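One line per chain: the protein sequences are A and B, in this order.
Counting in our numbering, the first sequence runs from 652 upward without gaps.
Counting in our numbering, the second sequence runs from 2 upward without gaps.
It should be emphasised that the hints constitute simulated quantities derived from the structure, not laboratory data.
The reader is advised that the hints may include incorrect statements.
If you only want the chain B side, here are some residues facing chain A, beta carbon under 10 Å, derived [stated by the list, open to error]: (1) Arg-65; (2) Thr-74; (3) Asn-89; (4) Ala-92; (5) Ala-93; (6) Gly-97; (7) Gly-98; (8) Arg-104; (9) Phe-107; (10) Arg-110; (11) Ala-113; (12) Glu-138; (13) Ala-140.
Restraint ranges, calculated between C-beta atoms of paired labels, are given here [stated by the list, open to error]: (14) A:Ala-759 to B:Tyr-145: 57 to 67 Å; (15) A:Gly-846 to B:Glu-238: 53 to 63 Å; (16) A:Ile-801 to B:Glu-190: 58 to 68 Å; (17) A:Tyr-668 to B:Gly-133: 29 to 39 Å.
These numbers come from a predicted model, not from an experiment.
We put the CB at the ideal spot given by N, CA and C, even for glycine.
Listed here are the chains, written in short residue letters.
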Amino acid sequence: MSAPSPWHHYLPRLGLYLGIGALLLAVSVGLPHVLNAYLIQILVLAACNIVLAVGLNLINGVAGQFSIGHAGFMALGAYVTAWLSVTYGKRWLGAFDGQAVEPVLVAAYLVVLMPIGGLTAALGGLLVGLPSLRLRGDYLAIATLGFGEIIRVLLLNLEAVGGATGLRGIPQCSSLFLVLGAAVVAVAVMRNLGGSVHGRSLLAIREDETAAEALGIDCAHAKTSAFVIGAFFAGVAGCLYAHYTQFIHPRSFDFMKSIELVLIVVLGGGSLRNVVLAAIAITLLPEGLRLVKDMAHLSFDPRMVIYSALLIAVMLIRRERVLQAVAPRRKGGESAA
Amino acid sequence: MSFGGLIAVDDLSLEVQPRELVSLIGPNGAGKTTVFNAITGVYPLARGVIRLEGAALSGLPPHRVAHQGVGRTFQNIRLFRGLTVLDNLRAAMHQGGDYDLIRAAFRSRRWAATEARLEARARDLLNVFGLGARAEELAGSLPYGEQRRLEIVRALATEPRLLLLDEPAAGMNPAETQRLMELIRSLIERFSLTILLIEHDMKLVMGVSDRVVVLNYGREIARGTPEQIAHDPAVIEAYLGEPTH
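Only chain A is shown next, with the shape it has when bound in the complex (with noise of 0.2 Å):
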């Protein structure tokens, strides 16, 4: 079998990406005119909920593993990538003295700062992947939110970043059509590592561990990749993130972000699609439920029973997709190791 010619595969490609680019060039131009102010930030939100989500998808969904502490790897990469641009970006982009960059070179600049983002995020996935070859289930959950909640009680106490009182005064350098752009592209990343020898190596650690091993899938490695993948995302949307707030508080990554994208991922059943849909769902949810509270008068913030209501409600309606995203399958058996 003779595989085609270069330019047959990559030729409608190229096409296709240049089709995207220009139409996501399109919308992100035209919207700003269309919608205001308040609702392009949800919009740019959502994308960066999508590209979490679809990282921990990876993780929980495709390779079975419990993580719910993957704020923490968002925490990293918009911190580390803020602390950049406040103290060294900033100068270089001319932005300190108020003259107008252009903005062709704000987007070169985020676009070389989002690996830097993803990569330092990477390295943290690799610290909790390397335990995660011996803990299983539950003790890897805590896990995960320990390293969540080491990582914001650091920076937290790290007076170069702020601390307590936040890192401000970063550029906004996200635009919509950067958010978009790196939302469609971890889609499409996730979508063909499915369907590759790496994405079933991982569906099939989570089907059944034992069994990967036996057919010479080396377990240790791949779950450790998909952490790796994972939090590389986390950190790019980070970076993404903190350049369009401006202001980042170690409160942004606390555990409440974890369980939501935990929850994104459980809704999203391990569909690709769904849980895009969900991510657009899950962060709607709290401007409309801020309208409630506000007409209702309510002192607490109710992000937290309702998040709790959907879960359990998830679970009752569609248990057996859910322990499958969410579970290792527990089997009993004489091989089990």
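Given the structure of chain A, go ahead and fit chain B onto it with the hints provided.
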């Protein structure tokens, strides 16, 4: 092979020739599956060595043992139940994936060529074993007999030289067992395999084995051709208890 102070399988020495089919039999708890787990690296050996064509297997983690050419099935079927039949096979063929993560993420030309090759091979294998029509179904939804067969095909997809079958006939009716017997014999010819078989169904054991090794309480009590084993007093005693007078 020992757990704590308990010695599970002791002093078993076994040499299997290429393309030979050797059965491990013995009462429940005799240590048959433990032998499989020791070979595949699930349990570490307390002492001794296991070699495949000269290369040491003992000390390797399970996935490395599989890379050396050892495939296995499990007593309690361990299919990837939530994946399709085709994906069960493709997951087993991951060693044929000659592209890296970046190529996978961007669906490079090599990805396309490799995936086409893997799918064709997986479908060929499924057709050979009469599972071609089931390719798109979830493995967990197959009838019991087909799940057993799929598990064997999945092990074959890793292109093993040594295949370990752990009670493949468990739960099968006599007709299914008969078909399984023919299948196992044909495997040796078609894939030039060496097979170690654990089985309680004596008809199957007597029908397919070149040699039989009998274990009881972790020790070998007899070995020989099926005919010799069938008349061995020690074996009869192990299965039926001491003769009373």
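Given hint Arg-110 of chain B near chain A, where the shortest CB pair must fall under 10 Å: With a minimum Cβ separation of about 5 Å from chain A (threshold 10 Å), the hint on Arg-110 of chain B holds.
58 to 68 Å as the expected CB spacing between Glu-190 of chain B and Ile-801 of chain A, which holds or is violated: 59 Å, holds
Restraint check, 10 Å cut-off on beta carbons, for Arg-65 of chain B near chain A: 8 Å, holds
Residue hint Ala-93 of chain B, partner chain A, criterion CB-CB below 10 Å: Because about 5 Å separates Ala-93 of chain B from the closest Cβ in chain A, which is inside the 10 Å limit, the hint holds.
Minimum beta-carbon distance criterion (10 Å), Arg-104 of chain B to chain A: Where the cut-off is 10 Å and the nearest Cβ of chain A is about 8 Å from Arg-104 of chain B, the hint holds.
Evaluation of the interface hint that places Asn-89 of chain B against chain A, nearest CB under 10 Å: 8 Å, holds
Restraint check, 10 Å cut-off on beta carbons, for Gly-98 of chain B near chain A: 3 Å, holds
Cβ separation of Gly-846 of chain A and Glu-238 of chain B, checked against the hinted range 53 to 63 Å: Because 57 Å falls inside the window, the suggested range holds.
29 to 39 Å as the expected CB spacing between Gly-133 of chain B and Tyr-668 of chain A, which holds or is violated: Since the Cβ atoms of Tyr-668 of chain A and Gly-133 of chain B sit about 36 Å apart, the hinted range of 29 to 39 Å holds.
Proposed interface contact between Phe-107 of chain B and chain A, which counts if any beta carbon pair is under 10 Å: 7 Å, holds
Ala-759 of chain A paired with Tyr-145 of chain B, Cβ distance criterion 57 to 67 Å: Given about 60 Å between the Cβ atoms, the range holds.
Closest C-beta approach of Gly-97 of chain B to chain A relative to 10 Å, hint status: 7 Å, holds
In this structure, only the earlier hint numbered 12 is contradicted, and the remaining ones agree with it.
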